[in-house]
Amino acid sequence: MTTERRPDAAASAGAYPGAAAIPQDIDWSGDLPVLAVRDELIAAVRAHQVVIVAGETGSGKTTQLPKICLAAGRGRTGMIGHTQPRRIAARAVASRIAEELKTQVGAGVGFKVRFSDQTATQTYLKLMTDGVLLAELGQDRLLRAYDTIIIDEAHERSLNIDFLLGYLRTLLAKRPDLKLLITSATIDVERFSRHFAGAPVFVVEGRSYPVETRYRPVSLEAAASSEDEGFELIEEAIPRAVVEAVEECLQHERAQGRSARGDILVFSSSEREIRLLADTLRKYGPPHTEILPLYSRLSVAEQQKVFERGSGRRIVIATNVAETSLTVPNIHYVIDPGFARISRYSYRSKVQRLPVEAVSQASANQRAGRCGRIAPGVCIRLYSEADYLARPEFTDPEIRRTNLAAVILQMQVLGLGDLERFPFLDAPDSRLVNDGFRLLEELGAVDRQRRITTLGRQIARLPLDPRLARMVVAAAPLGALHEVLVIVAALSVQDPRDRPHDKQQAADERHAQFRHPDSDFLFFVNLWDVLAAQKGELTERERREFARKHFLSWLRLREWRETWRQLVQLCEGLKLPMNREPAPYEAVHRALLTGLLSQIAHKGDDREYQAPRNQKALVFPGSVLARKGPPWIMAAELVETHRVYLRLAAKIEPEWAEKLAGDLLKRSYSEPHWERRQGRVVAFEQTSLFGLVLHARRKVNYEPVNRAEAREIFIRDALVAGDIDLKAAFFRHNRELIAEVERLEDKTRRRDLLVDEETLYAFYDERVPEDVASLKTFEDWRHRVEKEQPGHLCLSREQVLAKAADDGTAHDFPDTLRVAGHDLPLRYHFEPGHEADGVTLLLPAGLVQEVPEAVLEWLVPGLLGDRVEALLRGLPKALRRQLVPLPDTVASVLQELGPQMPGAQQGRPQGAGGKAPESLLAALGQALLRRGVRVGASDWAG
DNA sequence: GTTAGGGTT
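According to full-length UniProt numbering, the first sequence is numbered sequentially starting from 1.
There is no bait here: all hints are sound.
In silico SDA-like pairs for lysine to any residue, Cα to Cα no more than 25 Å straight-line: (1) K350 x E655; (2) K803 x F730; (3) K535 x L570; (4) K603 x R613; (5) K776 x A729; (6) K503 x E290; (7) K659 x D435; (8) K803 x E736; (9) K350 x S270; (10) K603 x Y669; (11) K616 x A696; (12) K305 x D502; (13) K776 x Y761; (14) K603 x K616; (15) K350 x K616; (16) K283 x A241; (17) K350 x F690; (18) K659 x N614; (19) K174 x A43; (20) K616 x R341; (21) K503 x E545.
Listed next, with one range per pair, are the computed distances between beta-carbon atoms: (22) K803 x E736: 18 to 24 Å; (23) R261 x L414: 51 to 57 Å; (24) I26 x A427: 36 to 42 Å; (25) E758 x G833: 23 to 29 Å; (26) W28 x Q304: 34 to 40 Å; (27) A427 x D771: 49 to 55 Å; (28) D888 x G846: 39 to 45 Å.
What the hints contain is simulated information worked out from the structure, not anything from laboratory work. Just so it is clear, CB atoms sit at the ideal spot from N, CA and C, and this is done for glycine as well.
Using the sequences plus the hints, can you model the full thing?
Structure representation (structure tokens):
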């Protein structure tokens, strides 16, 4: 019986036992459109490496194609791998096909999704999510386990599907024996065909009922006066139009004379809009009608209501969850306002945006199709046909609007080379690619040259968003792996908290007991600890009851637990040690921060936070930090809806970010200056990360920052200016030398004797080594160098004097004046206008009477010239005219007056013995008289 | 003062 296929299977299958389990006779019963072209498809699969099958819902492609592949002889040298976008579909399809092939799920037909692998050695058809197939690439680069791959629902164009389609195109050449089938809704199938070298396309009709589309554009009158049209549209016009459309559906049904009621599906863009529509319909809609919201985050119990047939008419208001993921039963009418929230990652602001946008034609058609599954339906579009036709044909594929870090990292691990040259169906925007690389660099997963690092390989091994995986790797050395795994697992599944709209307060109160005042993340740890303690204590029934009472979704708790368990196993493989002791706040949050560096924020005015790249953001209202507003926080998500919200946040210290930031941290320095007390050059450092100032003004040692500049400042402000606590002979020597020259400058009333600072700077600059820029390094060096050359740093008089000093200086500017038998000190000061300008005789009080006025008039020889000139200039014009040129007169008069100065003749005591000193004015008068100019006593000015 | 929807080594 089995002999016919044995040679075929045994020849190449080797250890693959699945072939032996394939049934001989395939049951083709069932009235499915795809079966009409069964034989052509079988022939096509045999003849071509790639076949594209386009068909709408009800065509039977999903269940029949694997059977067609079997009939074409596939599944003989490897399994038929069949992917689905969603886990639930993979399971469901597996069980339907298993039934048709009269085998058990987990035997001939199996499935593999996260947390559940129901395949066996004899499995020849394996259903799986596309993510699982991608993950298997890590172990099985050529996908040797399969001889046929079916990529189902390729039109959904998720990141996974686009990556697979690109990869498979490169794989086909290396695996000529591999067959590939791609199924899609009947949209854009030519694209798929072109991508795979003109693969044949089979279009199979759908088994659905006709849908009449009616266009009922929303009246914008109400919105016309408003400033924000979009807001008005949702607030006023759409609910009104929905009420009218519901009325139209009921009229249509009455006109049809249908016996059974048909339900109405209304598409909506957000939970908020669903509430609004629900309220409006309850108020103004038809009576005796059940209004049911439907969205993914709704509790299971509330979602379940949609699937339980009630007796009355129902209007289901749903998000896009009803477009592809869930099939709402008994829908005869669809009302489509034509909007949806579309995720768009902004590479500019690094923020995930969720703008409400007009949906594509493809999406609108998919929505309309939802009412043609059981009977002819009516779809009322709340926009015009022209509007519809003006819309883009297809929704942008995910690869065009998402952060690409994870894909890039996977491609690096798989060694797929240049992402720009990878055969994607749609090439990702190069700016998104660059941004993805930037994030990986921020995480340390790639280096500056964009090569994957060891850390990057660890991150890639964890089935997590790269940011979350980074946290896990960081946690172990910080002794916080337990806490971080609990948190990361929670962050990668849906939030287990239920918050029913009518019991929000009760839910919040129940959740509050697990809260931590500073961290939304520790909520998960606190909850985890309580749940973990129950495991040995309570029965599952009691634990379910606990979850229900505390508004926790049992399903999502399970996902959390299973994710955690998977991560724990992987961490063992990565040799990351688990901490037994509870980790302190700081350790946990430092680990988390490694993944969230670009999602920190600083408190600004009001409640607003300053997020990276000059963005304003608000803490999400559900956060424990929403009211508190600590100065620095980090957030697991930065999402823009009405505003930019920081979701799941915790208080941090900016220093943590500073330490982690590495090369990302920008440092700038200001006001470098010498500090005598510290004996070094310091400056104010400002650190910033992504434009956020972490520390504005921190005094730091400037030497390691800029040694050359610090050294210059040290020489200039410490050594040259002398502002340094230095007990050194050279220093005293140099200081004295300089002081002496400065005194000379005062005496001679000039400022050009002392060499300028540049010269002194040059002196030290030449001698002080380049690595000396502080008191300590200077002294260490000096002690060494002075052992060899004691005078190495001593200035000479010549080095300090700018000009050769006049030898007569000591005579012309004596340091003392002998008066009445005493040598009294003279003080010179050069500062015109100052009280002490000129020369000052320091006279003890007791001697005041003994000093003749005349002595003081003469000053000192060096100043006599100035004094005489000033006196001559002060003469009346008539007299002065006779003395021109004045400088000549001064010079010749000085020749005569010099010897007459008191004390001019050495050894002759002034004012003692001999005649009393002559007054300067009298002597000058005599000298002028000898030149024929008579000056009266009254001619001298003041 | 409130988040479209999927998926995983």
